[in-house]
Amino acid sequence: MKNLNILKLLIFLFIFIITVFFIIFIFLVPDIKRLKIAKINHDKTYNNYIYIDNNLKLKIKELKNLKYKNLKITRAFDSNFNEPDFMKFSKNFFHDANLIKEKKKNYKQDFTEYYFKTVSKISNPAIFYKFLNALNHYDNIIQADFPIEMKAVGDDINTTFRLKVYTLKDKKIKMK
Amino acid sequence: MKYSFTKPKEKELIDAVTKMWIGFIVFVVLFLLAFDFLIKFKIHSIDSSANEFAQKTEVAKKQIKKLQKNLIFLNKQRSVAENIFASNTILKDSIKNLFDLVPNQITLKKVIMKKKSLTIYGVTPSKDTFNFLLGSPLKSIFQSSNTIFYLDSDGWYRFVSINKIINDEDKL
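Each protein sequence line maps, in turn, to chains A and B.
Take 0 as the starting number for the first sequence in numbering that gives the first Met the number 0 and just add one per residue.
Take 0 as the starting number for the second sequence in numbering that gives the first Met the number 0 and just add one per residue.
No wet-lab data here; the hints were simulated from the structure.
Warning: the hint list may mix true and false statements.
[To be verified] Computed spacing ranges between beta-carbons, pair by pair: (1) B:Lys126 to A:Lys68: 48 to 58 Å; (2) B:Tyr149 to A:Lys68: 50 to 60 Å; (3) A:Ala125 to B:Lys60: 28 to 38 Å; (4) B:Lys75 to A:Lys60: 44 to 54 Å; (5) A:Asp84 to B:Asn166: 37 to 47 Å; (6) A:Tyr67 to B:Asp92: 26 to 36 Å; (7) B:Ile161 to A:Val118: 51 to 61 Å; (8) A:Asn123 to B:Lys75: 29 to 39 Å; (9) A:Lys87 to B:Ser139: 34 to 44 Å; (10) A:Lys87 to B:Ser135: 36 to 46 Å; (11) A:Glu82 to B:Asn166: 31 to 41 Å; (12) B:Asp127 to A:Ser78: 21 to 31 Å; (13) A:Ala125 to B:Pro124: 46 to 56 Å.
[Unchecked claim] Distance condition first, Cα-Cα at most 25 Å in a straight line; then the derived SDA-like pairs of lysine to any residue: (14) A:Lys100 to B:Met112; (15) B:Lys115 to B:Asp151; (16) A:Lys100 to A:Phe145; (17) B:Lys95 to A:Asp95; (18) A:Lys163 to B:Lys60; (19) B:Lys75 to A:Asp30; (20) A:Lys150 to B:Lys95; (21) A:Lys107 to A:Asn91; (22) B:Lys109 to A:Pro29; (23) A:Lys170 to A:Tyr137; (24) B:Lys108 to B:Leu132; (25) B:Lys41 to A:Asp30; (26) B:Lys109 to A:Phe15; (27) B:Lys115 to A:Lys68; (28) B:Lys65 to A:Lys38; (29) A:Lys63 to B:Met112; (30) A:Lys56 to B:Leu37; (31) B:Lys138 to B:Leu97; (32) A:Lys120 to B:Lys95; (33) A:Lys7 to B:Asn50; (34) B:Lys60 to A:Pro146; (35) A:Lys35 to B:Tyr156; (36) A:Lys38 to B:Lys60; (37) A:Lys68 to A:Asn135; (38) A:Lys90 to A:Asn105; (39) A:Lys103 to B:Asn50; (40) A:Lys120 to A:Phe110.
The structure displayed is predicted, hence computed values, not measured ones.
Cβ atoms here follow ideal geometry from the backbone N, Cα and C, with glycine treated the same way.
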């Protein structure tokens with residue numbers, strides 16, 4: 000009876016050890032390895048996300064700052080050029096001003112450049128300097144350019160010069 | 000009719016020790032399988048979280064790309080505008096400098112300014128007055144400077160001064 004019990008004990012012990020080893024080596028060990036790999040992969044992905052997210056936050060901040068600094072310029076490019084408004088503005092400097100549309104060109108891919116010939120009268124050259132100063136603060140981006148012709152006629156100076164109006168590609172201009 | 004004086008004992012099919020062993024083994028197996036299930040669940044949860052972060056990363060990358068484009072465009076706008084503002088200021092200074100050059104004795108009638116040339120029409124009391132007071136500074140600015148004088152009925156000289164900037168590229 001005693002011998003039989005020891006044999007039974009050994010058999011069960013053997014079955015127990017085999018079963019436990021089977022479960023450990025077939026299921027647990029590979030799954031623990033997978034868990035470790037998954038954790039490493041997760042940490043890598045998380046760190047990468049944190050890095051990219053920080054970059055994104057920096058870019059958002061950078062863009063916000065740049066938009067704030069460029070507010071006037073962005074609005075100026077974004078506004079449609081309005082001839083009557085410009086004529087009203089030019090009356091502060093010239094009398095008998097006329098704007099003649101010449102041509103339209105693409106400029107640096109994203110912009111359109113409108114050429115105008117401006118014929119006007121000024122009483123002295125200093126007014127033209129004031130006009131050029133004021134041009135940099137106008138609602139649109141406008142460049143005064145060559146050829147410039149100034150001819151003394153009586154007390155006035157007949158002034159002819161080129162103006163280039165820059166707008167975004169899809170923007171239009173409003174003429175009289 | 001009885002053949003034995005002892006009563007037969009009830010014998011169990013599986014004895015108590017065997018039952019205990021089987022119970023113990025089943026318990027350990029179930030415990031290990033439950034532990035493995037937990038590990039599998041944890042792996043699944045970690046993988047899901049990693050996937051979520053990977054997706055968020057992709058979205059953030061796309062956003063960065065978009066923002067970068069906006070940044071480039073804003074910088075381009077700024078650069079174009081600043082060049083135009085600078086050009087207007089330079090133009091103003093150039094015209095101002097030209098008129099500041101003209102002495103009181105000389106009267107300008109007409110000025111034509113082009114990108115690389117300046118033509119001045121005017122009246123001067125004498126050729127020397129023009130040459131000393133206006134001709135010399137013009138010659139120092141422009142590579143080519145030629146002036147033609149016409150004697151007027153009042154004894155003054157009408158002049159046409161043609162001044163040009165000649166780049167080295169143009170000479171070739």
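Hint check results:
For Lys126 (chain B) paired with Lys68 (chain A), a C-beta distance near 55 Å keeps the hint of 48 to 58 Å intact. Against the hinted window of 50 to 60 Å, the Cβ-Cβ separation of Tyr149 (chain B) and Lys68 (chain A) comes to about 55 Å, which satisfies the hint. Hint check: Ala125 (chain A) to Lys60 (chain B), Cβ distance near 56 Å, so the stated range 28 to 38 Å is violated. In this structure the supplied range 44 to 54 Å is violated for Lys75 (chain B) paired with Lys60 (chain A), their Cβ-Cβ distance being about 20 Å.
Checked against the given bound of 37 to 47 Å, the beta carbons of Asp84 (chain A) and Asn166 (chain B), roughly 39 Å apart, stay inside it. Against the hinted window of 26 to 36 Å, the Cβ-Cβ separation of Tyr67 (chain A) and Asp92 (chain B) comes to about 30 Å, which satisfies the hint. Between Ile161 (chain B) and Val118 (chain A) the Cβ separation comes to about 24 Å, which falls outside the hinted range of 51 to 61 Å. Separation of Asn123 (chain A) from Lys75 (chain B) is about 38 Å and conforms to the stated range, judged on CB atoms against 29 to 39 Å.
In this structure, Lys87 (chain A) and Ser139 (chain B) meet the distance hint of 34 to 44 Å, their C-beta atoms being roughly 42 Å apart. As the Cβ distance of Lys87 (chain A) to Ser135 (chain B) is approximately 44 Å, the hint placing it in 36 to 46 Å holds. At about 36 Å, the beta-carbon gap between Glu82 (chain A) and Asn166 (chain B) stays in the expected band of 31 to 41 Å. Taking 21 to 31 Å as the suggested C-beta distance range, the pair Asp127 (chain B) and Ser78 (chain A) does not conform, at roughly 54 Å.
Taken as a hint, the range 46 to 56 Å is violated for the pair Ala125 (chain A) and Pro124 (chain B), whose Cβ atoms sit roughly 25 Å apart. Taking the CA atoms of Lys100 (chain A) and Met112 (chain B), the gap is near 20 Å; set against the 25 Å cutoff, the hint holds. Proposed proximity of Lys115 (chain B) and Asp151 (chain B) is contradicted: the alpha carbons are some 30 Å apart, above 25 Å. With a CA separation close to 15 Å, the supplied pair Lys100 (chain A) and Phe145 (chain A) stays within the 25 Å bound.
Restraint check for Lys95 (chain B) and Asp95 (chain A): satisfied, since their Cα atoms lie roughly 23 Å apart, inside the 25 Å limit. Taken as a hint, the Lys163 (chain A) and Lys60 (chain B) pair is broken in the structure, with Cα atoms around 39 Å apart against an allowance of 25 Å. A hinted pair counts as satisfied when its Cα atoms are at most 25 Å apart, and Lys75 (chain B) with Asp30 (chain A) does not qualify at roughly 54 Å. Note on Lys150 (chain A) and Lys95 (chain B): the hinted pairing holds, with a Cα-Cα distance of about 16 Å set against a maximum of 25 Å.
The hinted pair formed by Lys107 (chain A) and Asn91 (chain A) fails the criterion: a straight-line CA distance of about 32 Å is larger than 25 Å. A hinted pair counts as satisfied when its Cα atoms are at most 25 Å apart, and Lys109 (chain B) with Pro29 (chain A) does not qualify at roughly 94 Å. Of the pairs offered as hints, the one joining Lys170 (chain A) and Tyr137 (chain A) holds, with about 17 Å between alpha carbons and a cut-off of 25 Å not exceeded. Annotation: proposed proximity of Lys108 (chain B) to Leu132 (chain B) holds, straight-line Cα distance about 17 Å (limit 25 Å).
Taken as a hint, the Lys41 (chain B) and Asp30 (chain A) pair is honoured in the structure, with Cα atoms around 10 Å apart against an allowance of 25 Å. Distance restraint check for Lys109 (chain B) and Phe15 (chain A): the Cα-Cα separation of roughly 114 Å exceeds the 25 Å cut-off, and the hinted pair is therefore not satisfied. For the hint pairing Lys115 (chain B) with Lys68 (chain A), the CA-to-CA distance comes to about 35 Å; that exceeds 25 Å, so the pair is violated. Simply put, Lys65 (chain B) and Lys38 (chain A) have alpha-carbon atoms about 31 Å apart, too far for the 25 Å limit, and the pair is violated.
Only pairs whose Cα atoms come within 25 Å are accepted, and Lys63 (chain A) paired with Met112 (chain B) is rejected, the gap being roughly 42 Å. Among the hinted pairs, Lys56 (chain A) with Leu37 (chain B) is inconsistent with the structure: their alpha-carbon atoms are about 37 Å apart, more than 25 Å. For the proposed pair Lys138 (chain B) and Leu97 (chain B), the alpha carbon gap of about 13 Å is at most 25 Å, so the pair holds. For a cut-off of 25 Å, the pair hint linking Lys120 (chain A) to Lys95 (chain B) stands: about 17 Å separates their Cα positions.
Under the criterion of a C-alpha separation no larger than 25 Å, the hint pairing Lys7 (chain A) with Asn50 (chain B) is inconsistent with the structure, at around 51 Å. In summary, the hint linking Lys60 (chain B) to Pro146 (chain A) is not supported, as the alpha carbons are separated by about 48 Å, beyond the 25 Å threshold. Between Lys35 (chain A) and Tyr156 (chain B) the CA atoms are separated by roughly 98 Å; this puts the pair beyond 25 Å, and the hint is violated. Between Lys38 (chain A) and Lys60 (chain B) the CA atoms are separated by roughly 23 Å; this keeps the pair inside 25 Å, and the hint holds.
With a CA separation close to 16 Å, the supplied pair Lys68 (chain A) and Asn135 (chain A) stays within the 25 Å bound. In summary, the hint linking Lys90 (chain A) to Asn105 (chain A) is not supported, as the alpha carbons are separated by about 29 Å, beyond the 25 Å threshold. Of the pairs offered as hints, the one joining Lys103 (chain A) and Asn50 (chain B) is violated, with about 51 Å between alpha carbons and a cut-off of 25 Å exceeded. Annotation: proposed proximity of Lys120 (chain A) to Phe110 (chain A) is violated, straight-line Cα distance about 31 Å (limit 25 Å).
Hint check: violations occur at hints 3, 4, 7, 12, 13, 15, 18, 19, 21, 22, 26, 27, 28, 29, 30, 33, 34, 35, 38, 39, 40; the rest are consistent with the structure.
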